[in-house]
Every structure is written in structure tokens, then in C-alpha cells.
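Okay, here's what each chain looks like letter by letter:
There are 2 protein chains.
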Amino acid sequence: MFVLGIDPGLSRCGYGCVEHGRKPRAVAAGVIRTDSSVERPLRLAEIQREIRTLIGELKPQVVAIERVLFQQNATTAMSVGMVSGIIMVEAVSAGCAVVEYSPNEVKLAVAGWGGAGKDEVGQMVQTLLGLPKRLKPADVADAVAVALCHVAHMPASRAAGALR
Amino acid sequence: MFVLGIDPGLSRCGYGCVEHGRKPRAVAAGVIRTDSSVERPLRLAEIQREIRTLIGELKPQVVAIERVLFQQNATTAMSVGMVSGIIMVEAVSAGCAVVEYSPNEVKLAVAGWGGAGKDEVGQMVQTLLGLPKRLKPADVADAVAVALCHVAHMPASRAAGALR
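Those protein sequence lines, which keep their order, are chains A and B.
One point on numbering: in our numbering, the residue at position 39 of the first sequence is 61, and numbering is uninterrupted.
One point on numbering: in our numbering, the residue at position 74 of the second sequence is 96, and numbering is uninterrupted.
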């Protein structure tokens, strides 16, 4: 089964699709960018279209989204929340299950501790998926990490120790 | 032309449609409710469906949304942001213009000062639209107030003093 991980954002929204099997396999990864000179509703609509296409092509069973926290400024957090909401309803419309993980849960699952930095997460994503090089920008690695976090939380994975 | 005002919320999302003419006229008003025992993505999808139907039926030219602030707790604000984002993209998909007004702008336009309470706003909405009774719950009156705020901001209205 495919898990589509999302690191939501208005300027850069990372996505990473992982196949859950004996060993997790990277299927697709990238970033949706929107132009900050465009009005927010139009940028959100652009993300909606891209995500709809992505879900239509990849047909994931699960969409895993990084939960928005309020570390950044309120306006940024609100835009990220809007993106998250749009992705949730696109996922529901396509019949996908939707799960959310906090940044700490993602870091804990992928790098072994909740305080891991972006570098460690990027390194572990590369290692876990056996990729020839690091995923860039960090939003892409983060999105894949969210998908891997969900894989790690699936009962079969825990039994098999799929990630570690 | 029709302006659809929205007071976004996950449990109760108020809407109010006003026709902009010599004197603003109420066209439709109500509240979309979702069940708090249901998972958030499904509640968001429910709101999306209802808003899509509403926009399809009313065919507003403009969707005016009350901007989310962070007076409440962060989780509530985030859910309200998600609802706002979803409504924005539904409006864009339907070819509507999207505008946002802060709660203070709405109160200023409708009640004459930014510190007006819910009661004053409700009373003024009733008076401005010549309604036989107050709109309830407050979310409905607030949504109509957002639509009236946009009407007040339109150049022709300002010249004609449509609201006052």
C-alpha cells in the first residue's frame, strides 16, 4: 500500500509517497511551489489542483500530514493550516484515510528521537529508503519522513521493525 | 450582485448571502454544523460539500470571509483556518472573488465601531436588512455582517452611503 506524506506549506508544500512492504520503498517525492506575489486564495487553489492530480496518479490508501504547530508567526501558521485543511478534504474525497503526526512524532519515528534536526532527518530518510543522495529541499525529506512515520506506526511494521 | 459572507468555524460555520443594490437585501442565511464526535477531516469534507452546494445554488460573485485571529486557543484557531482555506478554494473553483475582513473591520462597517459586541452587531444586521427578527445563532448574524462589510467597502456603496 502507498502512504503519501505531506509537509504542508503555502510557498513550498513537500510530498513524498512511500510503499509499505517488507522494506519501505520511495515511490515519488517533490515539492509544490506557489508564487508569493499571487493572492492567497489562488495559491491555495493551485495547491488543491496539484494535490488532486498527485492523489489521482499515486492512489495512496493513506495521506499522512505533519500537524501544524505555532512555532512560527501566526500568519504563516494560519496559511499552513489552510493548506492542511485543503489536503485533508482532497484526501477524504479520494477515499483515502487521513492521519496527522506532530513534528516530534515524525522525528522520533525516523531519527530515533524527537529533538532531531533537519539534517538528521534528511540523512535517515536517505538511509532508510536506500536513496543514492539526499532529498532536497528539506520539505521533500520532511514529507517522506511523515510517510515513514506512518509506516512505522502500522501494526505490521512495528512487529517487523520495518524502520529499524 | 450577491455577496456570500462566511463566519468560518468547524462546529458551526455561519453563512449569509446579501444582494448588493440600492439597499442591501438578505437572500439566504444559515449555519452549517458538524458533529464534534466525528474526525476532523470528515467534518471538513462535510463543510466542503455544503459550501459547494451553497455556492452552486446562490452563485455569489464574491465570497467574503471573516479573517481568523488567535484570540481563542491554538487548536480551535487552526480548525477555523482549515475551514477558511477550504471555503477559499471552493470559491475560487466556482469563479468567485474572495475577500477577507478582520472582525474589527466587520464591526466597524456594520455597527460603526470596531469594539462592538455580538449583540450590537446582531441588532444592526437586523436593522440594516429590515428583518422582522434577529438572526440566530450569532454565527449567522456574524456571517451576514461580513457580507454587509464587503458591500460597505464597494466603491458604489461608499458613494451612496448604502449602509448608513
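A few of these clues could be false.
[Unchecked claim] These stretches of chain B come out as covered by chain A in the derived footprint (C-beta under 8 Å, 3 or more residues): (1) 64-76; (2) 145-159.
[What the hints assert, rightly or not] Covered stretches of chain A, going by a simulated chain B footprint (3 or more residues, C-beta under 8 Å): (3) 65-72; (4) 107-116.
Since the hints were derived computationally from the structure, they do not count as laboratory data.
Built from N, CA and C at the ideal position, the CB exists for glycine as well.
These are the hints, each one checked on the structure:
1. 64-76: Holds, because 4 residues of the region 64-76 of chain B bring their Cβ atoms closer than 8 Å to Cβ atoms of chain A.
2. 145-159: This one is violated; 0 residues, fewer than the three required, reach chain A with a Cβ under 8 Å.
3. 65-72: Contact hint for the region 65-72 of chain A vs chain B: holds, 3 residues under 8 Å.
4. 107-116: Three-residue rule met by the region 107-116 of chain A, so holds; n is 7.
Of the numbered hints stated above, the single one contradicted by the structure is hint 2.
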